[in-house]
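Those sequence lines, one after another, are chains A and B.
As numbered in this note's numbering, residues 1 to 354 make up the first sequence, in order.
As numbered in this note's numbering, residues 1 to 354 make up the second sequence, in order.
Be aware that a few hints might be false.
It does not matter which identical chain is meant; a pair holds if it fits inside one copy or across any two.
[Said to hold, decoys possible] In silico lysine-lysine, DSS-like type, Cα no more than 27 angstroms apart, as pairs: (1) K63 / K284; (2) K174 / K193; (3) K284 / K174; (4) K267 / K18; (5) K96 / K267; (6) K78 / K63; (7) K63 / K193; (8) K112 / K174; (9) K174 / K18; (10) K96 / K13.
Derived from the structure by calculation, the hints contain no laboratory data.
Keep in mind the model is a prediction, meaning the values are calculated, not measured.
Number of protein chains: 2
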Amino acid sequence: MPVIRSEYNPVVKTADVKPSRPDFKVLGAFNAAVATYGDETILLLRVAEAPISEREDELLTPKLNEATGEVEVVRVSKDDPRYSFADSRFVAENGKMVMLTSMSHLRVARSKDGYHFTVEDTPAVFPQTALEAWGVEDPRITLIGDKYYITYSAASVRGVGVGLAETSDFRTFKRHGVMMAPENKDVMLFPEKIGGRYYALTRPVPHSFGAPEMWIAESPDLLHWGNHRFLMGLRPGAWDGGRMGGGAVPIRTDRGWLALYHGADAKHRYCMGAVLLDLEDPGKVVARSTRPFMEPEADYELNGFFGGVVFSCGALLIGDTVRMYYGAADEVMAVADIPLAEVFDTLSYEKPLA
Amino acid sequence: MPVIRSEYNPVVKTADVKPSRPDFKVLGAFNAAVATYGDETILLLRVAEAPISEREDELLTPKLNEATGEVEVVRVSKDDPRYSFADSRFVAENGKMVMLTSMSHLRVARSKDGYHFTVEDTPAVFPQTALEAWGVEDPRITLIGDKYYITYSAASVRGVGVGLAETSDFRTFKRHGVMMAPENKDVMLFPEKIGGRYYALTRPVPHSFGAPEMWIAESPDLLHWGNHRFLMGLRPGAWDGGRMGGGAVPIRTDRGWLALYHGADAKHRYCMGAVLLDLEDPGKVVARSTRPFMEPEADYELNGFFGGVVFSCGALLIGDTVRMYYGAADEVMAVADIPLAEVFDTLSYEKPLA
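Let's have the full structure, built from the sequences with the hints guiding it.
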């Protein structure tokens with residue numbers, strides 16, 4: 001495959017990241033948003049941490065105490081009959097997730113060459129409100145005018161909604177609350193107004209019926225969103241038949257808006273494909289990948305916190321090459337160059353596409 | 001209890017409603033929005049219909065064909081091993097709802113005295129788009145300026161989102177698409193701007209974790225919504241410990257915004273209670289009912305399509321009396337007068353409220 005993985009991969013590893021406090025360990029530095037700022041490539045990493053436990057018979061779970069603004073550690077006995085620990089990512093009670101075993105924040109990493117990153121010592125966007133008490137995850141950055149807008153997943157006992165923040169310098173960040181109610185994830189803003197309106201790709205997750213699929217919404221001001229339309233859905237049996245959602249922020253090309261998205265099959269193998277959206281009406285699907293342009297193959301993609309995953313939250317178009325940054329195995333960050341022609345080559349213009 | 005049910009209850013029955021086509025039967029005329037228009041009381045009924053089946057071994061399920069704009073009837077053999085028919089409201093495949101057994105539209109009924117209604121012969125708001133293909137349900141009407149805004153549930157294979165429409169005369173209706181993505185229901189607009197912004201009560205239903213609980217959102221223009229905040233949640237063991245959601249459009253009182261809401265316990269018994277919200281910041285809960293002010297007790301509330309349900313989508317404040325219109329047993333419409341003092345008497349100002 002003409003995907004060229006960087007020889008420096010993984011470009012950020014957990015060992016490169018200092019935990020936010022000494023009694024925590026870093027489980028993953030992955031699913032980063034990407035931006036170009038001055039002469040730097042910025043990664044806004046999702047850093048997942050957990051309290052260090054020294055006892056086999058207990059689990060320490062972290063969450064924000066909104067009243068104090070501090071992260072508190074809840075001790076749970078593994079013998080407690082109320083709880084199930086079958087999935088290492090969370091604690092369940094009566095079949096419902098009631099605590100996460102890790103908590104994520106967002107951290108800036110900087111690079112001059114796009115491959116060698118220096119990770120800052122302290123968090124950039126840390127859980128701040130009750131609706132972020134279980135963590136902030138999977139950011140995307142869109143430069144609009146001279147401001148960088150950051151969408152991210154805000155997790156709490158109330159579900160996963162979409163948080164919005166902005167920055168001009170990647171040093172101070174202004175928060176704009178929850179822009180979409182739970183459950184919604186993988187939301188990314190288009191980099192310019194189209195027909196006078198801002199657009200976002202969204203990924204609502206309905207409960208009673210329906211599936212986690214991709215939608216599009218409009219806004220006059222980036223803060224308030226409406227005219228939600230269904231964009232495209234799961235294709236049973238295909239590479240994106242199990243799960244799907246937006247990946248990188250859409251890139252303008254002469255064929256249309258190119259949005260790289262993730263899809264997983266029934267076996268939870270996460271690959272990257274693309275969808276081409278109409279330049280004038282991005283709610284119209286022009287073409288869609290019948291096969292992924294990238295699949296988990298390298299060791300750091302196949303093995304890690306959750307193996308068999310390539311998951312991009314951001315890419316840069318450099319000439320005719322897509323430089324895609326991506327989380328590998330829910331643990332580290334990697335980068336690959338893919339010729340734009342190869343991405344286009346996976347697209348089918350046949351109907352029905354959704 | 002000082003709830004005075006009308007002697008004319010139920011004020012609209014299924015027999016009062018002509019089906020939208022001769023091969024359909026009306027299963028319910030319930031969960032109506034209410035408005036005052038000129039000298040009339042208007043009910044905007046949810047009319048649930050199903051194709052008349054003459055064979056025991058098959059089920060006929062209705063849905064909109066978006067291409068033709070016509071409702072089509074899908075024949076399903078009850079012997080088909082792919083499907084489960086355990087719940088009479090839907091057909092399931094692999095544990096997921098794949099068809100509803102009825103389809104709802106909205107219908108106008110008019111009354112001079114508020115008790116005797118004439119139901120129009122034809123639908124007012126009928127499923128029109130792919131996102132409404134399974135029906136439009138549970139409307140609420142808010143008069144803002146000289147326009148009546150209607151929020152309703154838009155159901156389709158993509159989930160249940162929130163549709164928005166407006167009318168000035170209850171004869172022609174203008175549609176505004178989906179204002180909130182799935183899953184969200186029981187959304188109602190406040191009748192005036194507060195601090196320069198419109199507000200809505202919402203009821204997102206998260207999937208991965210979290211529960212169906214009440215939130216509040218803001219808008220500059222009624223079309224686009226943001227700053228979603230959690231308002232109040234389930235109280236395990238209480239009358240509203242199983243399910244909850246907004247009911248009637250909030251009413252301004254001197255103590256605060258009074259919002260009647262529905263709650264159900266673990267046994268799916270739907271009652272009505274109230275929450276009082278701060279007049280200046282309706283995102284602040286001032287007080288909340290520790291007991292319902294109305295419970296299903298009358299025969300038409302205890303027995304019907306789904307028995308044991310009182311569910312209001314609209315109420316009028318007449319002097320010191322709340323005249324509440326409500327769906328009873330998911331089948332008929334009824335009305336009751338409740339002294340405002342009695343509603344207030346159920347409220348507790350103690351913390352924690354959520």
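Here is what the structure says about each hint:
1. K63 / K284: between (40 angstroms within a copy, 24 angstroms between copies)
2. K174 / K193: both (21 angstroms within a copy, 26 angstroms between copies)
3. K284 / K174: between (33 angstroms within a copy, 23 angstroms between copies)
4. K267 / K18: Classified as neither; 33 angstroms inside a copy, 50 angstroms across copies.
5. K96 / K267: Both ways: K96 and K267 sit 22 angstroms apart in one copy and 19 angstroms across, limit 27 angstroms.
6. K78 / K63: within (18 angstroms within a copy, 49 angstroms between copies)
7. K63 / K193: Classified as neither; 37 angstroms inside a copy, 36 angstroms across copies.
8. K112 / K174: Within. Shortest intra-copy distance 25 angstroms satisfies the 27 angstroms Cα cut-off; inter-copy 54 angstroms does not.
9. K174 / K18: This pair counts as within: shortest intra-copy Cα distance 24 angstroms, inter-copy 56 angstroms.
10. K96 / K13: neither (32 angstroms within a copy, 40 angstroms between copies)
Of the hints listed earlier, those the structure fails to meet are numbers 4, 7 and 10, in rising order.
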